[in-house]
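Trainee: So you can see what is in the structure, the chains are spelled out below.
Number of protein chains: 2
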Amino acid sequence: MAKLFIPGPIDVSKETFAAMSQTMIGHRGAEFEALYASTQPGLQALIGTSRPVFLSTSSAWGVMEAALKNLCQKKVLNLCCGAFSDKWNGVAKSMGLDQDKIQVEWGEAIDPAAVKAKLEEGGYDLVTLVHNETSTGVMNDLEGIARVVKSFEGVQLVVDTVSSLSVVPIEMDKLGIDVVLAGVQKALALPPGMAVFACSLDAIKRAETQPNRGYYFDLLEFEKAAPKNNTPSTPSISIIFGLQYILGEIEKEGLEARFARHAANNQMIHDWGAKHGFDNFAPEGRQSKSLTCFKTPEGFDQSTFIKHLKTDHGYAINGGYGKIKGLTFRISNMGNETQETMQELIDAMDQVLNTHTARS
Amino acid sequence: MAKLFIPGPIDVSKETFAAMSQTMIGHRGAEFEALYASTQPGLQALIGTSRPVFLSTSSAWGVMEAALKNLCQKKVLNLCCGAFSDKWNGVAKSMGLDQDKIQVEWGEAIDPAAVKAKLEEGGYDLVTLVHNETSTGVMNDLEGIARVVKSFEGVQLVVDTVSSLSVVPIEMDKLGIDVVLAGVQKALALPPGMAVFACSLDAIKRAETQPNRGYYFDLLEFEKAAPKNNTPSTPSISIIFGLQYILGEIEKEGLEARFARHAANNQMIHDWGAKHGFDNFAPEGRQSKSLTCFKTPEGFDQSTFIKHLKTDHGYAINGGYGKIKGLTFRISNMGNETQETMQELIDAMDQVLNTHTARS
Chain A
1 MAKLFIPGPI DVSKETFAAM SQTMIGHRGA EFEALYASTQ PGLQALIGTS RPVFLSTSSA
61 WGVMEAALKN LCQKKVLNLC CGAFSDKWNG VAKSMGLDQD KIQVEWGEAI DPAAVKAKLE
121 EGGYDLVTLV HNETSTGVMN DLEGIARVVK SFEGVQLVVD TVSSLSVVPI EMDKLGIDVV
181 LAGVQKALAL PPGMAVFACS LDAIKRAETQ PNRGYYFDLL EFEKAAPKNN TPSTPSISII
241 FGLQYILGEI EKEGLEARFA RHAANNQMIH DWGAKHGFDN FAPEGRQSKS LTCFKTPEGF
301 DQSTFIKHLK TDHGYAINGG YGKIKGLTFR ISNMGNETQE TMQELIDAMD QVLNTHTARS
Chain B
361 MAKLFIPGPI DVSKETFAAM SQTMIGHRGA EFEALYASTQ PGLQALIGTS RPVFLSTSSA
421 WGVMEAALKN LCQKKVLNLC CGAFSDKWNG VAKSMGLDQD KIQVEWGEAI DPAAVKAKLE
481 EGGYDLVTLV HNETSTGVMN DLEGIARVVK SFEGVQLVVD TVSSLSVVPI EMDKLGIDVV
541 LAGVQKALAL PPGMAVFACS LDAIKRAETQ PNRGYYFDLL EFEKAAPKNN TPSTPSISII
601 FGLQYILGEI EKEGLEARFA RHAANNQMIH DWGAKHGFDN FAPEGRQSKS LTCFKTPEGF
661 DQSTFIKHLK TDHGYAINGG YGKIKGLTFR ISNMGNETQE TMQELIDAMD QVLNTHTARS
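Residue numbers (the working numbering), protein chains in the order written: chain A, 1 to 360; chain B, 361 to 720.
It should be emphasised that the hints constitute simulated quantities derived from the structure, not laboratory data.
A few chain B residues that face chain A, going by a derived Cβ cut-off under 7 Å, partial list only: (1) 552; (2) 574; (3) 597.
Computed, partial: chain B to chain A, Cβ under 7 Å: (4) 377; (5) 421; (6) 456.
Heads up, the beta-carbon is just placed ideally off N, CA and C, and yes, glycines get one too.
Bound conformation, chain A alone:
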């Protein structure tokens, strides 16, 4: 076992596990309704919406597929810049949807102007964006892309904020985003197993005209259950107890302070990398605040570094994802980390560099 500084799941605190260990309750009664209701203000603040925030008993991919299923009636445009955003296009294909994509090299960000040019071709009614592409450490220009998409009548925007929610502000209502979704095992520092998401009224209206939506991921079922402070299917009650605890902690810390803490912790890793000649995989200005993706320098024995960091110091970082495995390595600063705990990681990484990889 090692403390996780991989980009999700991340370290879950003892206090969170204690909250999750509360006596089990039924999910069709007043106790659960109160629990559900207690999560709404905090989630709405994180997502930037006055709409209800739904709790899905699934990982984020369930909701990512649900958005396609409920909202794509013509053709979806997937904005692809890494493993997860690319895969969203694969999911659209697996569903037999009419789809196209903008594909940029991994490590690059999506250009809003390219989105504009593509949408001008016509025929689209849905765009998918991964805000913070966890595989490459690129944070896309959400505001710029949302502005472009909203300028096209009848085109809706679905945004995966899996690894950016609670790290940077998300302004769903202000930007006119139609679906915002996230898993809970990233910056919210909960065990995986649940997703949260909100839908605009426009999204709900479109779903109403969509045939054969099924049941489990039917947006209208979530919309119907929300005023009753409940979920269509059996909820992941213990994780929701954990979520209630984390949202309480976020409220105590304050959103601005939380965003600033993540930015400062992220900067510490950037500074550490700069000191050792590790270059960012993501371009300046579009770098994630949740995690850092470094290019593996020529001759740097990344796997020895990661192995000793784990076995000698008990810290887990990640050696790159998918086709950039080995070529990059990633360090998360999400969740409950402080300057002190980030410094402990940095000290350990320095020791490993000095001892095993002759890099200083």
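Start from chain A and add chain B according to the hints.
Mentor: Below, chain B without anything else, positioned relative to chain A:
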């Protein structure tokens, strides 16, 4: 808060929560693979299969819809005898599938002869059965129905064992069942949020010919991930830690002893009911071993009984589900309960009867 004797979720033990509170691990590494692998022999024994048992990050309804999505190419026959089995037909309709049903009165069991007569009409390729209808306390004749279904070439059988798994033997391979599924918050006594299921090779073969299966509930994605001891989407790691613990407890107890314990605990509630003139809603011979569904006698103030049992004694039982709410009440004996803990419940119920409802 009250100790749950409702038919799911049920009481989760301190030891289970402790197991769930183990240090978080990544889901794409050796530690998770070992965890996943450790669950397989125990789950295979419970389900009666040599096939891999998949872990779905969803409630059981996700898998119930997935079975329809992956396996129905012609027409599905839903066997309906209560809230959950009836709803499965509703889900088939919501997906736009060609469907029909056998509907019996709530409280009755499905007659294998009726299934035979219906399938003889032809055109079906899938049958859904809820083995233990949690809303009515009826346990259907799984063996008889499976024998009928398997006598029809090209008709596959999906069985929901949500509230029977680990209470009575399930013989998937022997009976030739194509999908067996269950949630973990019933007799396995885990928090809700995950489902387990196994698919026959015939089911996998049919899915291979099914277009537009999507991704999240694509049986082939589960089949592909299983040999790597992994899941297609991010797994509910803490619940799986809990599952590992529970399966260890089941192994220690022994399956036969577990089945016998549930039967004995269930009999205690039947005996208690008989003593007080509470009749079973389910017919003799088809009564669940997981829970007991009693008819509310004329003049018996059920809601006062349930309220005082909770507020005065800290035990929660359930006042009937769906359209038989109030007309019935249900008491679970699933999970970790012993003769002693069942007796504590019975003593408390007797006290409430004596004090508040003048029934002895």
